[in-house]
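The whole structure should be built from the sequences, with the hints applied where relevant.
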Amino acid sequence: MTEAAIEVSGACKHYGAVRALDGVDLAVGAGEFFGLLGPNGAGKTTLISALAGLVRIDSGNIRVMGHDVVADYRDARRQLGVVPQELVFDPFFTVREALRIQSGYFGIRRNDDWIDEILGHLDLTAKADANMRSLSGGMKRRVLVAQALVHRPPVIVLDEPTAGVDVELRQGLWQFVRRLNRDGHTIVLTTHYLEEAETLCTRIAMLKSGRVVALDTTENLLARFATHTLRVRLASPLDAELGALRQERGWLEFALERYDEVETMLRRVREAGGEIVEMQLGEPDLEKVFVGVMHS
Amino acid sequence: MTGFSTLLYKEVLRFWKVSFQTVGAPVLTSVLYLMIFSHVLEEHVEVFAGVSYTSFLVPGLIMMSVLQNAFANSSSSLIQSKITGNLVFVLLPPISYREFYAAYVLASVMRGAFVGLGVGVAALPFADLVPRSPLWIAAFALMGGAMLGSLGVVAGIWAEKFDQLAGFQNFLIMPLTMLSGVFYSIHSLPAFWQAVSHVNPFFYMIDGFRYGFFGQSDVSPWASLGVVVVCLVLVAGLTLNMLSRGYKLRS
Chain F
67 MTEAAIEVSG
77 ACKHYGAVRA
87 LDGVDLAVGA
97 GEFFGLLGPN
107 GAGKTTLISA
117 LAGLVRIDSG
127 NIRVMGHDVV
137 ADYRDARRQL
147 GVVPQELVFD
157 PFFTVREALR
167 IQSGYFGIRR
177 NDDWIDEILG
187 HLDLTAKADA
197 NMRSLSGGMK
207 RRVLVAQALV
217 HRPPVIVLDE
227 PTAGVDVELR
237 QGLWQFVRRL
247 NRDGHTIVLT
257 THYLEEAETL
267 CTRIAMLKSG
277 RVVALDTTEN
287 LLARFATHTL
297 RVRLASPLDA
307 ELGALRQERG
317 WLEFALERYD
327 EVETMLRRVR
337 EAGGEIVEMQ
347 LGEPDLEKVF
357 VGVMHS
Chain S
6 MTGFSTLLYK
16 EVLRFWKVSF
26 QTVGAPVLTS
36 VLYLMIFSHV
46 LEEHVEVFAG
56 VSYTSFLVPG
66 LIMMSVLQNA
76 FANSSSSLIQ
86 SKITGNLVFV
96 LLPPISYREF
106 YAAYVLASVM
116 RGAFVGLGVG
126 VAALPFADLV
136 PRSPLWIAAF
146 ALMGGAMLGS
156 LGVVAGIWAE
166 KFDQLAGFQN
176 FLIMPLTMLS
186 GVFYSIHSLP
196 AFWQAVSHVN
206 PFFYMIDGFR
216 YGFFGQSDVS
226 PWASLGVVVV
236 CLVLVAGLTL
246 NMLSRGYKLR
256 S
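Chains as they are written, first to last, in our numbering: chain F, 67 to 362; chain S, 6 to 256.
Because the hints were derived from the structure by calculation, they are not lab data.
C-beta atoms are modelled at their ideal positions from N, C-alpha and C, and glycine is treated no differently.
The reader is advised that the hints may include incorrect statements.
Claimed, not checked - Between beta-carbon pairs, the in silico distance windows are: (1) Y14(S) x V279(F): 21 to 31 Å; (2) L177(S) x M360(F): 47 to 57 Å; (3) V23(S) x D138(F): 35 to 45 Å; (4) E314(F) x W163(S): 27 to 37 Å; (5) S200(F) x Q26(S): 42 to 52 Å.
Said to hold, decoys possible - Cross-link-like lysine to aspartate or glutamate pairs, in silico, EDC-like; alpha carbons within 20 Å at most: (6) K22(S) x E234(F); (7) K253(S) x E73(F); (8) K166(S) x E152(F); (9) K22(S) x E163(F); (10) K274(F) x D134(F); (11) K206(F) x D195(F); (12) K253(S) x D124(F); (13) K274(F) x E341(F); (14) K193(F) x D138(F); (15) K193(F) x D179(F); (16) K193(F) x D178(F); (17) K354(F) x E319(F); (18) K274(F) x D138(F); (19) K87(S) x D195(F).
What the hints assert, rightly or not - Quick partial rundown of chain S residues pointing at chain F, CB under 7 Å, derived from the structure: (20) R19; (21) V93; (22) L97; (23) P99; (24) S225; (25) R255.
So this is what it looks like as structure tokens:
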């Protein structure tokens, strides 16, 4: 891993008896596309809020590009662009006004060239002078992304950016975020759509009850926790015990560690007198890893 | 400084975009007070020697508008931003709590000043107003506006619902401003109510402001200035302390 974009060490946060963060240690390398996964209430949003200075942790410390988020909050916040989970907007302003104001908050005057570029990438140019109130939900979501980018932050955090977003916008958004990542931005993503995390993120942390319960490259996680599956449908049911994971509506499902076990399984079915009429081979996926990790 | 000046600009633009409601409406309310009270009382009351009741009333109305609107500006902006969630746009950038405070309070002072000027201009046909000591007028308007803008920050951050803010406004700010000698000299009150008025800081703001117009007042303008400065320092200290701790803003 190269230089750390985000370093979290020993982060704890209590709300009464609830431990929202219970000793989180985490490092995200510069230029990574990092996934932060976990069920509701696992502490993802608390961690992101602590990173952004919206939540103050009880103990531990957090750095963004080497700047402590409390002691050196001005520099830390300049390095960070956060797309919040809630669809929030200021109804008093147009899209362009909102982006100019946001630039000013980060100390940037006359940012129109960059604002125009972001608007273009997010397909918002035609709406630049529209009032925020008049935009659709998807458009408002895109403005939130634009607002997080006005100060060209090296680290971008997206907190469930695709919740309730249609397919077209989702694809457009990912294309844009991937481009930002290629251009060198570090991306941290939380999402409930595990297939998104699987295709986009190079490394993933899973949180549960305020703790990091898995942290590895997506590849390693898939290799370590997930198995391939072989599903076969038989012409008629068999009595023989074949070691199937489950059996339903004429389908038998087997778990495989490696692809070369397919041959062994098929032979076993044939030897027991089974006639295979259909067959499916399943890749390991993050959902299985997620369920496995959360229940272990 | 750009963070502060942008936040100030945003706060001013916010009320200016709806100035019909934020400046026009309070000016109209004050003119209605002026027309009704001056019509009813002009012949019956003389508070200061050689000053008509209508002329006496106008500075009080101006200052009352300054105070009420300074409070309304910061408090309504903050509670709206909190409830709609867009306060996050101000909390994520590298803006210090002092800049945050200064921007909200200064924008409130400006709204108060706009409304005050509006009331003053609208009152010209009714009364002869000659600002004798503009410095006193400016000092009390600025400090009064800053104190109420600051109280508005406290109320806007403390309140979680619009009705809590309305309670703060209707049961604290309104009575204190209405009972501060806007419509009368406290010398015309019974002793008990005179004593009560003397513990109302708003009385000193109105009385000092009025001194700037007539060179006459219920108490010395220096005493009023002292009270207003002390109150402003106390309220500003309380507000800055809340903001530095992130009270209800950064959990």
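Looking back at the numbered hints, which does the structure fail to meet, lowest number first? 1, 4, 5, 6, 7, 10, 13, 14, 18, 19 and 24
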